[in-house]
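Undergrad: In order, the protein sequence lines correspond to chains A and B.
All residue numbers for the first sequence refer to our numbering, where the first residue is 1 and numbers rise by one.
All residue numbers for the second sequence refer to our numbering, where the first residue is 1001 and numbers rise by one.
No false leads were mixed into what you were given.
Cβ-to-Cβ under 10 Å is the rule here; a few derived chain B residues that face chain A: (1) Ala1466; (2) Ala1470; (3) Arg1484.
Treat the hints as calculated values from the structure; they're not laboratory data.
Here the structure is a predicted model, which means the values were calculated and not measured.
Backbone N, C-alpha and C fix where the C-beta goes; we use that ideal spot for every residue, glycine too.
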Amino acid sequence: MPLLDVRDLVVRYGPLTAVDHVSFTLRAGETLALNGPSGCGKSSTALAVLVLRRPDAGEVRFEGRELTTLTEGELRPLRPLMQPVFQDPYGSLSPRHRIRDAVAEPLKVQGRWSAGAGPARVAELLDRVGLDPSYGDRYPHELSGGQCQRAGIARALASEPRLLVLDEPVSALDPSVRAGVLNLLADLRDELGLGYLFICHDRAVVRHFADRVLEMRAGRISAS
Amino acid sequence: MKRPTFPSGTAGATRALCLLAVLTTVGLLPWLSGRDPALTVLRARSAEQEPTEEALDAVRQDLGLDAGPLSLLGKWASDLARGDLGTSWVSGTDVLPSVASGLQVSLALMGVAFGVAVLLACALVAPVLVRGRGSAGAWAAMLAALPEFLLATVALLVCGVWLGWLPTSGWQGPLYMVLPALALGVPAGGLLGRLVADALPAVLDERWVELWRGAGVSRGSVSAAALKRVLPPLVPQFGMVAVGLTGGAVAVETVFAVPGIGRTALGAAKSQDLPLLQGAVLALLLLGLVTGAAAALVRRRLLGPALRDSGLSLPPARPVRAHPVIPLALFTVLAVTIGWGLLRDPYALDTTARLAAPSWSHPLGTDGLGRDVLARLGHGAAPTVGTAAAVCLLSLLVALTLGFLPGVAAGAADIANALPPVIVGILVAAVAGPGTGGAALAVALISWPPLAAHAAALVQEVRASAFLTAQRAIGASPWWILTRHVLPSVAAPVARHALLRLPGIALALASLGFLGLGAQPPAPEWGLLLDESRAYVERAPWAALAPAVALALLAGLAVSGAAYAQGRRTTRRVTKKEALVAA
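Next comes chain B alone, as it looks inside the complex (with noise of 0.2 Å):
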């Protein structure tokens, strides 16, 4: 059995595949979507017309859906290469102005945000300059985990609504930028902020920083030296932060009212209107792509020709383990509440107590409809922890599968991660309608390749063990080796891995329940009950503070919990070190 050899191109071709199966999707978005949208277009044009079949038939020519997917895929593009990008099929104007005007407002939007980023980072990383020493990894990264829909909520319950110090609604000037440039930005600073505060130490341990220090360079020098040597590696990343910010960018636009092209994207999703969603969509694909590209850019410029590809690593970062009182403390309330909750009815509408302050007989008060808030939680939680645990499971499958791959599986791994999940969840939402399986599916297509990664670097590691081809030499079969050694070896962290990921995989699940794009009302799905509160918020702020608490314990869990993945994992290679030292 030779071990498999991959051309250094199989990743490079597989990211020109995922893209254009991407493309091609937005570009059949009509036909995927199999719902006949002549009656809708019809409607939106003239609403007085009859609909007629012949009226309907010449609807369905004019937006040329008779033709069969190759020729309106094919009809798509060239008017694409031609700069058009179609009508409107709800305001029959043309798309290109709007997705440009939408485009302008949310690239300043994301330029006040990256700088609120930039600035939240520095906050973080100084005090670790200053000791040199340290983290910040904690605080980091209970910012970086707080997802914006609900950031933006809050901002807006609180500045907005309670205290009134900002407009909360609207695109008319420089102080309408400031809550949703907050909302978008903390998570982004936070991720960025920890990121070098959590790759720092490591760096200031290395032995020219002593060396240094000794020659008697000031200190200054010395932290702009770590400075520089930690950013080359993490430009990717900062990268990726950036295309985060598109996703983003549609919950706080939805939240603040403001018109950007995700706010664009997901009316046009939710009214059906593919031509402006199309462009949207391939506008928010631009920006993610351009902003990889720019980081890539700046990365070659940092590091010089010379050092190109591999040249720079950084010493692996010494993850920050939460305290485990805290993980199993938020689990436990989180667990409590929920518990409490599934014995109440949620559905059980009191009209005489619309809104009513938390009480004994309504321990996190009633919503708009008088329904309990703490039955709505834990009813909520059960469907939500399920679609995520069954994501999960899929996801892993994906990741165990590809990480026999390692080719394909990093070409599709660079196109899944320039995907914000709510983009993709506006495109599942286009093709199948919001739904929680559309909204499963769409989390699930993101979040495998965190786990492929590591499974592919576990099959990787096991390959090349040394036991392995002991396993050969006794004449075991290569399924005996698959399913006796290599699978178990992998499998296991793997799947741990996936569990502690539950969390954040609920917590994008809400994110699309948020905006509309999952589970559909009644259910009693968290980030529908914030999205539903967001209509009372300044009579019964617990029906929206519950909620948001749960979900901020839920970001915490995340966070605590991932911390705990990587832990594992360096633990297990010191120790086989050490015994190896110890022999």
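Bound-form chain A, shown alone (with noise of 0.2 Å):
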């Protein structure tokens, strides 16, 4: 059984078109990137998948249960089970809010935290990413872009995914500090066996990254 299976997917923005029928499966620990230049409906399809956004047809099937049809208060117990990474590192972080208590917040959410065992899972995940704990006090505006990211990976990891969508990771970072986040995300993958739907705009990003690439334009799947 497929980790996710995309089947027939449909977004419209009015009179627009923006996600055409599109189908792709994703494996456990398998990496499937999502290729196209701007508008072409990548981010949409992934907000979709996520059902953050509702599909206007089509099927998604999260380890062989039908999302679209869920309503909200039924999602919510599965929501964690996928998690966004977004482009912007700042923009996803509440910019009131300390590293610390937006690493926690998904445990509080989940019903996950108590007053012994949260701060010290909270600790784990930034040491896992490659912060150091003391960056939990900080405010995400105190943070450069690469460890405000890296914050925001480990915030999704709280949530203890099985899924993570990736919506242009590392397209708003620094080229020297791609790499690492790259590194971080691949390790990551190997680590814990999550599967990637990875979305970009340039190939030569995912090239040794993603396990399949498919292309896409103008809101359809044009190759793989």
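Each of the two chains sits in its own frame; use the hints to bring them together as a complex.
TA: Structural data, given as structure tokens:
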């Protein structure tokens, strides 16, 4: 059974069809890259796969379970299993919360927080993404783009996901920082057996990183 | 959670609903006021008639008061449609001619005042145009913050009474127009000048200006083009300035005894002459709506058909911030004066020292009853600040609620903006009787729109941000997102904004007090202090000067504080952008 099975996904914005009958599957531990120019519907696909935006048609099966027909309440306990990492490292963390609180929030929301084990788990997660736990005291704007993106990954890992939807996770970063973040992602994948849906617009970035690359043009998968 | 979308008609529909609500309130005034006007009317009509039950019943039937609200409203509306505004309860004459003559006088006054305002605005803007940069912000903002009733009283005091240059009371010729038009026109001119002068530097920084200058286009042509570029987006605000004139007219006409529509409305409200009040308020509303519509028309003409809606927006103005020492100094002076005054007794009558000049025992002198002015100033501040804080809190709550419903907020804000506080105060006083509670309600009714607009903008910004999507992705409930993320991002800045508007709200309350629509004697309310001191201003000018200076300081605090509210927002946005660039 594939981890993720997307069939005939359609997303429309008014008269515009952003995602036009897109289908693909993804196995656990596999990295599937979705490559294409800006405006081709990659990010809409990402949001629809996460059911953060309801697709207008099509199926999203996660571990065999159809998600698009579930209500928001039924989805909520499943959401932690698939986590997004966004392009803008600063925009995806609340500017008002310290890094420690941002990483702790999934534990609290999902009822896995305890006064004893919680802080230790946060420190462990920060350490796992290569951030010194002292960074937990800082606010997002006090970190560099690369450090911020690592914090975002730590937060995603706090939910103990099986799938990460990486929406151009390194596009906004300095080229010198990119390799470090990509290496971290590769290590995590191998260690935790995560499946990655990797959205990008630069084939060179994913050439060595992805198992398969799907080319997307004007809302359709054009080649694989 | 889909983002809520609002049909574009929501704002229009709320606007129509709000207007209907205001009209219904006006139409139902006799019923809403709840007090039995039969006795008043009977006394006014024939002083010698005994107020027997039959006579009172006859009056009630005559006025249609026993028929219930719906038929009352229906009769009012159908009479209105036939051009019949009813008969004054007090004088027994037709309302329409009084309203028409009042409107005529007020229109003349407002016309001249608008001229004064435009001249002053030109004087404020000219230096910015000549230098090509800089701003007239601080001066213009100060002038704009001066309430008309304060300016009118000071002008009356200085030019009319001390110097004796100009007539101060009545309406018998062009000379009688000078002081009222100045008092009404100067704050409006300050506001107009400030709007243009604040927007100009950003426009002069636009690239076409450099291009034109490089191509050898004359200075005059560049200035003219820059002005033409600045004006269209500001015209709706000019319309609001004109609406503000209708509210200011009430105070100015009262101070200078000008027989205009504003004074008619105020007099009618005080004497419970509801048909006359209905007519006068209707005329004032109509005036506001017509000016608003005229402003929209002018804007359309200026823009041409191609750029109707958001086609031409202004670059964001860089707010002029006063040095932080200024608001702090103003605050300190006020706080020390108030604190000192609070230690003294505001009601103690010293009949041997009536209208005494400032001395050690009475540092700011005494009033007509021999009460200590400093004590009254101090004790007047506490309830004013308390009421203003309550009003602030109320408008903050309304703003936070409506901030989540931008469509509804926009329509309601339009109507609230078209109603000057004084007119709302008159309506509320007519329904509930004059009092602190009524004045607070009136000011609260119109002080929420800027806060709601701020809240709506922030809600929109937060809802669109990626970190909120990330909250849903971890399985957070809408309640968690609302209470942990949306409300904290919105409530703190809007609360700060509300706090900075506190002095402005206190001023609005004082202006209602000045007109007798707020706190009642012997309460030491600031507006009331100024009003009371007018009676003996020739003999004891300091009794008027103390509250006038205190109110002016409050106005200064209002404007320097408000600049901070805007400044903070812009700074935060810049740092965010800088952070992204630096990353």
